[in-house]
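Chemist: Start counting the sequence shown at 91; every next residue gets the next number (this note's numbering).
If you're looking for bench data, these hints aren't it; they were derived computationally from the structure.
Fair warning: there could be bad hints in the mix.
[Stated by the list, open to error] DSBU-like, lysine-lysine: derived pairs with alpha carbons at most 35 angstroms apart:
#1 Lys300 to Lys286
#2 Lys269 to Lys291
#3 Lys291 to Lys209
#4 Lys286 to Lys241
#5 Lys269 to Lys241
#6 Lys269 to Lys209
#7 Lys269 to Lys300
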Amino acid sequence: MSKAARDASVRARIAAQREAQRKQEQRRRLATIITIVVVVLAVIGGGWWYAAEQTKSETVAGGLAPVTVQSDGSVVMAKAGVTTPVLDIFEDPQCPVCKQLEEISGPTIKNLAAEGKVKVVYHPLTIFSQEPTRSNSLRAASALRCVPDGKQWLAFHDRLFKEQPSETVEGFKIDDLVKWGHDVGVTAPGFDSCVKDQTHKAAHEQFSTKTMADQQLQGTPTLKLNGATIDNNTIFVPSALRQEILNAAGAK
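Kindly generate the complete structure, drawing on both the sequences and the hints.
Modeler: Here is the structure:
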């Protein structure tokens, strides 16, 4: 074999070796990338699972704690003898975020009251100044005041959030409010006329104005535990809200 032929053969072997090394390196890099992607997806998936678990709503476990309507329009839910900690809930029936809070953390709040771990005080307010949301809220909140029975009040309260209209349309119409009251079992004499006449509208407006000023509220929903505002990152995470209330109950 001539020198030229030998050189050509050597160059061919070297080229073949380099091509094999290049392909091996490509396979190694691909395997590394796949591993990284799998790990990242696992972490992301785990993160979503963890977040989902943390924000998972409870179901109402059983019977409710006694519910009592107060003369000023607030409503107390607590077992006999439970006076602390106190969870104040400031909400507007027309407020979409209040509806979300009720859907996400409402069952946890009801369960904790039933367990005797907290005294809950609902404060229905009207925070809107623009229309149609202001009138919507006033009709709904005034209708709530027409229900003297605590258990029926809570059922009507929950139904109002379920039926909450868009902020851009007229809703909570009088006839609907009367019907929803009947649907949840409101039997109070004079309920229909109280709702239709908006008997408690003026008292509710005064209560709203005074409460927002006294509590220095910036909006709804606002939850206060023993007078201290709870962070929004907590109130929309049922497990975190439960733990915060249990911690306060243990400190009493």
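Chemist: Now tell me, hint by hint, if it's right for this structure.
Modeler: Evaluation of the provided hints:
1. Lys300 to Lys286: 25 angstroms, holds
2. Lys269 to Lys291: 19 angstroms, holds
3. Lys291 to Lys209: The hint holds at about 27 angstroms.
4. Lys286 to Lys241: 22 angstroms, holds
5. Lys269 to Lys241: 17 angstroms, holds
6. Lys269 to Lys209: Distance of about 30 angstroms is within 35 angstroms: holds.
7. Lys269 to Lys300: 31 angstroms, holds
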